[in-house]
Each structure stands twice: as C-alpha cells, then as structure tokens.
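A.B. asks: Just so you know, the protein sequences line up as chains A and B, in that order. The first sequence begins at 0 in numbering that gives the first Met the number 0 and counts up one residue at a time. The second sequence begins at 0 in numbering that gives the first Met the number 0 and counts up one residue at a time.
To be clear, the hints were calculated from the coordinates, so they are not data collected in a lab. Just so you know, not all the hints are guaranteed correct.
[To be verified] What follows is a set of in silico ranges between Cβ atoms, one per label pair, in the way DEER data are often shown:
1) B:E17 / A:D303: 27 to 33 Å
2) A:P580 / B:E45: 37 to 43 Å
3) B:V2 / A:A673: 51 to 57 Å
[To be verified] The calculated SDA-like cross-link candidates involving lysine to any residue, where the alpha carbons are at most 25 Å apart (straight line), are:
4) A:K20 / A:G248
5) A:K103 / A:A58
6) A:K412 / B:D52
7) A:K103 / A:D143
8) A:K103 / A:R321
9) A:K297 / B:E17
10) A:K297 / A:V182
11) A:K425 / A:R616
12) A:K297 / B:T10
13) A:K168 / B:I21
14) A:K20 / A:K412
15) A:K168 / B:H12
16) A:K425 / A:G248
17) A:K20 / A:E245
18) A:K20 / A:P629
19) A:K168 / B:T13
20) A:K297 / A:R169
21) A:K168 / B:S68
22) A:K168 / B:A34
23) A:K412 / B:G53
24) A:K168 / A:G403
25) A:K238 / B:E17
26) A:K540 / B:D67
27) A:K20 / B:G53
28) A:K20 / A:A673
29) A:K168 / B:E18
30) A:K168 / B:P24
31) A:K168 / B:G15
32) A:K168 / B:T10
Using N, Cα and C, we set each Cβ at its ideal position, and we do this for glycine too.
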Amino acid sequence: MTNREFEYVGTRPVRHDGVDKVTGRAAYGADVSLPGLLHGAVLRSPHAHARIVSIDTSAAEALPGVQAVVTARDIPPNSAKVLLGGEAALDLGDMSDCMLARDKVLYNGHAVAAVAATSLDIAREAANRIEVVYDVLPPVTGIDQAIAPGAPQLHQSFANNVANRMEFKRGDVERGFGEADVVIEREFRTPMVHQGYIEPHACVARYGQDGRLTVWCTTQGPFVVRDACAGILGVDAAKVKVIPTEIGGGFGGKIVVYLEPLAAVLSRKANRPVKMVMSRDEVFRASGPTSGSKVRLKVGAKRDGTLVAARASLWYEAGAYRGSPAGAGAMCLLAPYRIPNFVIEAYDVVVNKPKVAAYRAPGSPMALFATESVVDEIARELGMDPIELRLRNASVEGDRAPYGPVYGPIGLKQVLEAARSHPHWKAPLGANQGRGVACGFWFNAGMQSSATVTLNLDGSAAVLTGNPDIGGTRVAQAQMVAEELGIPVERVRPSVADTDTAGHTDVTGGSRVCYATGMAVIQAAGDVRDQLRARAAQIWKVDIASVRWKAGRAIPPSGNGSHQPLTVAELAAQMPHTGGPIVGRASLNAPMAGPGFGAHICDLEVDRETGRSTVVRYTAIQDVGKAVHPSFVEGQMQGGAAQGIGWALNEEYIFDAGGVMENPGFLDYRMPVASDLPMIDTVIVEVANPLHPYGVRGVGEVPIVPPLGAVANAMRDATGIRFTELPLSPPRVLSALLHTESPNQSAIRIPQSAMS
Amino acid sequence: MAVVHFPSGWTEHTGGIEEITIDAPRVDELMAALAQRFPGLIAILEQSAVAIDGQVYHHARYQTLRQDSEVHLLPAISGG
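Pulled out of the complex, with its shape left as it was, chain A reads as follows (with noise of 0.2 Å):
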C-alpha cells in the first residue's frame, strides 16, 4: 500500500464541478423552481423559554394568497425513535419538536408555525398574523445558570439541566500529581459560535397526490433528510426522494433537519410545491451551531517536561436539547499526549439556545483550546520549546489513547517535526507580535458507502456516489477510478446521486468521504476492472485468472503470442458483443479511519492602542495519511485553519438577558474574510492509514481545532496575557491590556461586562 506508485492519486486535476461553480451555473438549494411554486415563512417565538398557551392561525389563513397554515398539530407525535442515518443517534422526538414546537418554546427563534403562499411576502405577512399567547418563563442562558441550584429546568427528565454526564479515567491522579514538579490549573470559556456556511438551509418539497414526497435540498445527508422526513411523518422511506443540491458549506450544521418536514407538510395541506429558504437572521437563531463551553483542567509535569498527571472537567451547552459533542471534548482533550494518570468529567447541559448540530471535529476545539493553552503553561514555566515538550509527550502507534483503545499508526511525531523544522518556527518576529503553537486530535469516520462505476462504449466512465460534494470530493472520486481503470481523470466523470439513484450512504461528514466513500469507488471500480479482465478472457478464448491487468490495459498470459494487449477503450467498443454493459459496485460499511493529528504555528500582532490583533503568518501542518488531489487537501487544511482563526479572535453568540441573541447577522457576527488572513500555509505529512488502500485518513476536520490554542498561546507570547476566554476580540484584548498591571504571571478572564 505504501509503497504504491500512482499515476492520478497525488496530482491536481481541475475540478469536474469548478466550471459550473464559477460561471455561476451551479444550482444550490434556493435556485431550485418548480411550476406552481408556494413560498414558506416560518413564524418563530420571540421568547428564549416559553409555554404555548395558544395558537390562532384564523387571520393567517384569511390572507388572499395563504394556501396552508401548520403547526405541530399537523405532525404526528414522535416518541423519540432514534435515527441512525448519520454518524450518531439523532433524535426523531427531539429534531420534530425542535421543528415545530409542541408544547414549549426553548429557545428565541423556534418555530411555532409556518405558512406557504404564492409569494414570499404573503406568506411572511401571514406569519405575523397568527396570534400565539405564552405563558414567557425564566431562561436558562449560560452553563453556570443552567446547573446552579434552583434555577430553571428545560424538560423534566434532567434534573439540574445536567443532560448526560461522561467520565474517563486511568491510573492513580493523585499520585501523578505527587510526582509532578509543575502544576498549572485554569478554567477556559469557550462562546456559542455558528459553522458560518455561506448558503443558508434552502429547499423545495413537492408531496403529490400519490403519496409520494419529492425534496430538492442542500444537505449533507440525503439520506438523513429521506429518513427524517420519513419518520417525522410517518411515511415509508420509498414514498421519500431527496434530491441534493450543490452545498454552499455545511461543516456539520446541514446533517439534521429544519426545513424539509414543515415544506413537505405545507405541500401536502396546498397540494402544491412549497419552497423555504431560511434568512441568514434565521439560520444564526434557529439552526444549529457549536456549544459554549467551559473547561477546568489541571495538568502536572516533572521538571524534564514529562506530563505526569491530568484532571479535568468539561460542560458544554447542548442547547435547548440534549446532545452537545461533550463526550467527544472528554476524548479528544488528552489525545495528543501521552498522560498516565488523569480523570476527565464531562457534562451535556441544556440550555435556552438554539440546538447544537456538529460543527468540524465537534467538541475538539474547545478541550484542545484548554489543553493546549496549559502546555504552553507548562513550557514557558519548565523553560523548554514547547515544540520540544509536545514532541517529549506525543502519543505514537501503540500508545493508549485516552478514551481506551491502542493507537495504530499515527503521525503526530512526524507532524511536530514538520512543525519544529519548518522555517516559520525559527523566524524572527516584529514588534508587538507573539508565537502560538498547538495540536489538534479528531478521530476520523467511516460508516457506510455505496458506489456505482459505469463504462461506456467509448472507455470513458461515470462514478456515482451519494455523498453531496462540499470539499471537492468529487474530483477525488473520479481520481480513483481513473488510478484503478488506467483512463485519464478527464474521462471519468463524478455525479452525486439522489436517494433513488444512489445505493444508501452515510453523511458528507466526520472526514469520511474520501476515506470510505473512497473505499467504495475502488470496490466499484475494481469490480469493472475485473469484469473486463472476463471480457478479454472471453475475446482470448482463455481462462480469466490467466488475464493480468497493468496500466490500463487487459495483458494476456505469456506463450499466448498471438494476442496484443486490450485496453479499456477497446474492450468497451466490444461490451455489445461480449455480454452487455458493464457497472461496477461496491457498498461497505468501514471501520473508522484512525486518528489524525496536526500542529499549527501562528503568529500574531497586537495593537496595544485598540486591542485589535492580526494574524500575519500562519502555518498547518497535518497528517492526512495519503492527499489524493493535494490542492482540496489545503483547502480544507486553509479552510479549517480560518474558521478557528475566527472562533478564536472574533466569534461569538451575544445573547441579552431573556436569551435573545443580539447579533444574528454577518456585520455583527464577525467572522474572518479573506483581507483579514495571510495565505496560510501548509505542510501534508502522509502517515498511511492501513485500513485504506491509498492510506487515506480523512483532513477535514483536525484543521478547526489547533487555531484556538495557537492563536491565543500567541497572544500569550505577544502579550504576556495568558487568555482563557474566546474571542480575543479587541474590546477584550484592550481591556486586559489596560487593566493588567504586570503581565507574564497570571491567567486572566475578562466577562463581558467589563469590557464596555
């Protein structure tokens, strides 16, 4: 596997899809059209915790123009079946609910009802007509509210909002810490922050008369939404067709559903199309984003940078339901290092905001914010390089990972010596600018996959999968088979397929599509080499273990002389006369892909003026196991590195006191454009994961969760503030400058009201 040599793997063809993309023919959710079309509006409660007392939807439906008014009436109860469509158990009750509110509302912008009408307008008129009367409740809009004493509770099955409480622990802590010659403990605070996809939820439902429910969406998970939207109405999944869109980002957030179930049963009532499409002010509300969080973490070390012992506690909100990546954090919080004692406790709290949904590495980047911010710690008081003390710590193949099972082959070694010999590392700095580094740790999935390979007459091939393409999988896709038929990339042409088409297939999600779905066009592909080696061995008149395949062409055995090699073209011309067309197929379900590391250096300036800083040099460095088309591979790797850039410097969810968020727009909610980043660079370490033939270990989500600790260990360096609280936004940064007397000492925590 390794020691492979590839003809298409490792290059960069342009993008099938990149031409469409460009000129703007591309069709995404919103662009979808259909004769007969109704426009939805969703109203949706002003209140961050309320109960519906009642709901008149009289006026609405007197409105010239209103086809349909539903509430959650018009939904089936769900007695919270669980959805295994994606990579963990989604819940059907809660996901309904979360729709369309039954009983209360939990969060400011839930759903109460939704109106389609022949325009837009109409409808959004409609919406503000029907009159809802709450009985408004206390909310809960923080961690330490939600769990103090007494304060309100969410849903009567969690006592003290506490959802679900995770621990992991090894060893004797109380002796490690014994031994440890350095102790730093602080509490980090992560806030609220969204994935930011450019393209807010949009689709098209058409229920016909038939019984039969058609959606053109942008999601990450046909199937999901083909089950969901099944469940939620309880249909057949047969009766259900999810056609995917090109997706304008999802980074996790586009995984559950929103719009689909309310546009179906708008549709069924109007016996027409119903179209939604969320506004970005709905999107931030109503859609899922990551949790806040808090994390306290004690580390000890000996005096020679042995990380010796490890107590740490985790909440994260969940939002108004239960399900925050909590356990995910507790994993990933120790991944990268070797600690032989520690306990780890984690909390799911539900709080009075939007529902979290996966966003990159979900629950990663706050716990490697906390830890990588402590080894800082530790590295600045031993007085080592902290590249040093990581690389003293590193987990390698055969290590235990925190969370149970031994390590395979992993590259965060490599990786950190990537890192420590890179020119960045050593290069001088300007004034008023600091140094970060950090790690990041993300598990990498695998699930299930299908894939279809077609030859046609002319030796070209198509490949269909079922996987939406959000990172230019696609193109990756159609690597592999060109790498496995021999026929240029140019030849084979990607399609994603919709849920009819394409055999069942997990998320666009968890790093999996180019690792498992990869594995599944292989198959598929290696299923159309073998029926055309049986196609030569037909036209030979020999037998087909004699047929050898290289480079493209069918060879026939030795002492044959009489016969010239085939190649794929030449055996498709003959597909009438040797037995029909020929498809390949390949459905599996793959273990996941195995760990995958990274380490990234930022540096920083700080205006001490305005408290605003720039990142001016930036680097990622990342074990991907093999980068089949290197240029999506740093993309993603950019891609990442930007969205944690942003998370760590400006980002956040401001919510008032009754829970209502204050900055549901891009002007307000700040996230890094283009103008505010260098190019970032990046360095591909390939540590080949075995369970894939190429070694393909999956990039896109490590790349999210090392920026918070690099950028804020490099507002330590610059500064000699130690931050434990996200964004380090320049009314924060500003205010610990002026109030900070003699900094290089202590950890400082600036809450928001002291910073206006």
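Given the coordinates of chain A, assemble chain B onto it according to the supplied hints.
C.D. replies: Relative to chain A, chain B alone:
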C-alpha cells in the same frame, strides 16, 4: 475471553465494574451478555461505538472477536 472495558462514567450501571471478561464469538453475543448482566446499560449500549483491538466501529454487531480481543465501549461520536 474478550476483555471489555467501560468508560468509567458507566460504572453507575455496572456496580463499579470498569472491566469484565466475557466469552463471546461476536459483538452481538457480547452485547447480549452485557445487557443481561447490566440491564441499566441497555439503552447506552444501543448507541455506543465499539473498538475491537484498536479499531473503532459504529456498527459492530456481527464483528467477530478473538479469544484475547480487547473491546472498548465508547460514546457515539458525530463529526462535521
């Protein structure tokens, strides 16, 4: 006999046991044995990921186990 490890947070359902040996040819039989012995774990087991000798599966029911397999039960992990 496969050695099964629980996250320490599950010990409230296992009477404090963090590790147990079970003779089972596959994960299916192993899970059945665990469910019988620790009824409080049933709902959790249904949504768990399973690591067998270092390899993590989301759906492992019919994976075979060696006599000396090391099995870790893990919270389900979602990705973005």
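A.B. asks: Going back to the hint list, which numbers does this structure go against?
C.D. replies: 14, 16, 25, 26, 27 and 30
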